[in-house]
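Peer 1: Residue strings, one per chain:
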Amino acid sequence: MSKDLTIKDLHISVQGNPIIKGLNLSVQQGEIHALMGPNGSGKSTLAKGLMGHPLYEVDSGEVIFDGVDVLELEPNERAKLGLFLAFQYPTAIPGVSLANFLRLAVSAVRGKGANGSEKDGLIPMREFRRELREKMQQLGVDDSFARRYLNDGFSGGEMKRAEILQLAMLEPKIAILDETDSGLDIDAVRIVGESVSQLIGPDLGVLIITHYPRLLDYIRPQFVHILLDGRVVESGGWELTQVLEAEGYDPIREKHGIDE
Amino acid sequence: MATSEKNTMEELGVSKEYQYGFHDDIKPTFKSRKGLDEEVINQMCDIKGEPDWMRQYRLEAYEIFKQKPMTKWGGDLSQLDFDDIYYYVKASDRSERSWDDVPDDIKKTFDRLGIPEAERKFLAGVGAQYDSEVVYHNIVEELDKIGVVFLDTDTAVKEYPDLVKKYFGTIIPSADNQFAALNSAVWSGGSFVYVPPGVKVEYPLQAYFRINSENMGQFERTLIIADEGSQVHYVEGCTAPTFSSESLHSAVVEIVCMKGSRVRYTTIQNWANNVYNLVTKRAFAYEDAQMEWVDGNLGSKLTMKYPSVYMMEPGARGDILSIAFASKGQHQDAGAKVYHCAPHTTSQITSKSISKDGGRSSYRGWVDVAKGAKGCKSHVVCDALILDKDSRSDTYPVIEIGENDTNIEHEARVSKIGEEQLFYLMSRGLSEEEASTMIVNGFIEPLVKELPMEYAVEMNRLIQLQMEGSVG
Ligand SMILES: Nc1ncnc2c1ncn2[C@@H]1O[C@H](COP(=O)(O)OP(=O)(O)OP(=O)(O)O)[C@@H](O)[C@H]1O
Ligand SMILES: [Mg+2]
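So the sequence lines, in the order shown, correspond to chains A and B. Per this note's numbering, the first sequence starts with residue 368, numbered consecutively. Per this note's numbering, the second sequence starts with residue 198, numbered consecutively.
Simulated from the structure, these hints should not be mistaken for laboratory data. Don't take every hint at face value.
Stated by the list, open to error - Think about it this way: if two alpha-carbon atoms lie no more than 35 Å apart in a straight line, the pair counts; the simulated DSBU-like pairs of lysine-lysine are:
{"hint": "1", "chain 1": "B", "residue 1": "613", "chain 2": "A", "residue 2": "502"}
{"hint": "2", "chain 1": "B", "residue 1": "342", "chain 2": "B", "residue 2": "498"}
{"hint": "3", "chain 1": "B", "residue 1": "525", "chain 2": "A", "residue 2": "447"}
What the hints assert, rightly or not - From the structure, some residues in chain B lie toward chain A, with a derived Cβ separation under 10 Å:
{"hint": "4", "residue": "621"}
{"hint": "5", "residue": "625"}
{"hint": "6", "residue": "626"}
{"hint": "7", "residue": "631"}
{"hint": "8", "residue": "639"}
{"hint": "9", "residue": "645"}
{"hint": "10", "residue": "647"}
Unchecked claim - Pairwise CB distance ranges (calculated):
{"hint": "11", "chain 1": "B", "residue 1": "647", "chain 2": "A", "residue 2": "436", "range": "45 to 51 Å"}
{"hint": "12", "chain 1": "B", "residue 1": "611", "chain 2": "A", "residue 2": "570", "range": "41 to 47 Å"}
{"hint": "13", "chain 1": "A", "residue 1": "581", "chain 2": "B", "residue 2": "401", "range": "54 to 60 Å"}
{"hint": "14", "chain 1": "B", "residue 1": "576", "chain 2": "A", "residue 2": "570", "range": "51 to 57 Å"}
{"hint": "15", "chain 1": "B", "residue 1": "276", "chain 2": "A", "residue 2": "500", "range": "55 to 61 Å"}
{"hint": "16", "chain 1": "B", "residue 1": "554", "chain 2": "A", "residue 2": "604", "range": "53 to 59 Å"}
{"hint": "17", "chain 1": "B", "residue 1": "611", "chain 2": "A", "residue 2": "393", "range": "43 to 49 Å"}
{"hint": "18", "chain 1": "A", "residue 1": "624", "chain 2": "B", "residue 2": "554", "range": "53 to 59 Å"}
{"hint": "19", "chain 1": "A", "residue 1": "456", "chain 2": "B", "residue 2": "649", "range": "56 to 62 Å"}
{"hint": "20", "chain 1": "B", "residue 1": "649", "chain 2": "A", "residue 2": "605", "range": "56 to 62 Å"}
{"hint": "21", "chain 1": "B", "residue 1": "401", "chain 2": "A", "residue 2": "424", "range": "49 to 55 Å"}
Note that beta-carbon positions come from the ideal geometry of N, C-alpha and C, so glycine has one too.
Given these sequences and hints, build the entire structure.
Peer 2: Here it is as structure tokens:
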């Protein structure tokens, strides 16, 4: 049975400022959702709040995944549950190679004692390397990438690809992609778009945060939501992106009586 | 992925004994009474059967030591009681114990730490009779063929008196500082290395192979002479915490890098929490010679250690890479000193410190450029990582420049483990402890990758042990 992430009347504040103010949304495994909204409307706040960032305080509301109260969990436990966030601005970890980090992350998420795991709880090196190389090839990233320090000195595009590589390796059930297309050149958007759509299947639900419909050409969402003033004010299908493209956010603001 | 095995995060679950190091009752065959005077020194010389010149050297050093006031700078030495220390303990040459007598949990700990077999037995106090001795003999034989001398310093005094006499105490004279004077008076053990001109020693000379009863003395004295165009890498120290019944460890390391030679000296020390570790390390580098210190300090109550390089002739180069991990109740006062005594000399100091659970680390650095030493370059980077609000880090850089035509850069950074970094790693499934350990290991990676492989692995594991249980 496919699992879903259900957000009910969620309120999140940052340093005492309410940013998300009563948001409702539900994403099921196998579904593709797009979330659009103007700068500063709270998209990243929602994403980080869902993942459990300590700075983003949940004041009220519910987030349930597969019957589990997500808000009670530490970020790593959320990851183990199957949530994933591709960051808008990934953080550099100097001195830690992408491969070292990923081996630990993959082992943690798949669980100690998972099939074939070694006594130290890590997935066997060989198996890991093979898998990593395979996924890197699919993503069109160079082998040397694995040895580089995580996000340290990565170009904008490299960072985003590294995020998708992590997504591919960690095999989450629900993934939030926070502007994974921004900062990418046209070819890179295509590569990222194609590789994400390869990953999409009945086991993966995606919430794509984006400003540009281009990425959505590769990953056609079934649902499009518009975030304004901390709430989802409109939900619809593909046509909503076309409306936005043509008219911008003003008509929607007016309709809902929201000041800029 | 050369480094990928390094960061393996295992559940070590190391026993409590480990934290304080393993020790056992090796019966000493001789133990001087507590405290120090001429009689104790004379007794020591008698037992060692030392030549007169060394006896004189010791007694003179003792006079100097008596006159030196207690060191006031650096860390807090007020608890150090010179009268409450045994200055000479000679353990039995042939320990009666065997590997089978070593408790299982200790063996298991060594296993988990992946400590090399030879070092393990040594640490457990059974090294002298076993493999390590064989290994040492094989190495000495190999070295002998190329004219390299690798002995404990006591033996060297007897077998190579001229060579020892010529250099002993010339790099670090007894009068240099209080602890150099003390060491000069009561030294025991340590290594003596001589590498003939043009000889390149292909593998690191490891102190732990040079097993004898006095190897782990508190007052080691090491002297390395690299003759013209030679090359050697000396590795010292055990990464497992070293138990010492005595609270003072005060070593002296002197290195002579002759023209065109290259010496690297790597130390990783992890002392028990009661130890004052006060070490003087200095190298003279002559024309185009290169000296590198790689120095890792964990444990101890107070460490004061500032490896230094005197660049005596043009083209000399000094590199000092140091790392300190100060945990609860510990003060790591570490750093580096470089003296540009000749033109066109170059130095690089990289210092990294980590403070945790109220630990304190200080960087104390000295860059000196002599008048007329034109075209010198020095680059200093010190990075401090503070893991919690109870911990502390300070830098005390001194730069003395007697020459305008120089290029000196000094960068200092203090950082905390970023909330963003932790969140990023945790959002990928790592626990808070795994995440902070990974960040710390990343922080010291530039140093760790300079270490021989097995030491690098151990270093990462040590960091992991230090980090264990640190986050709630
Ligand atoms: N760490 C923070 N500290 C202070 N304010 C923050 C923080 N994170 C978010 N905010 C504030 O919350 C509001 C929403 O920011 P958020 O990053 O969620 O917007 P966004 O919709 O993702 O915008 P963009 O499209 O530009 O990425 C903004 O006013 C922002 O300044
Ligand atoms: Mg954003």
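Peer 1: Hints the structure violates: just list their numbers, smallest first.
Peer 2: Hint check: 2, 10 and 19 fail, others pass.
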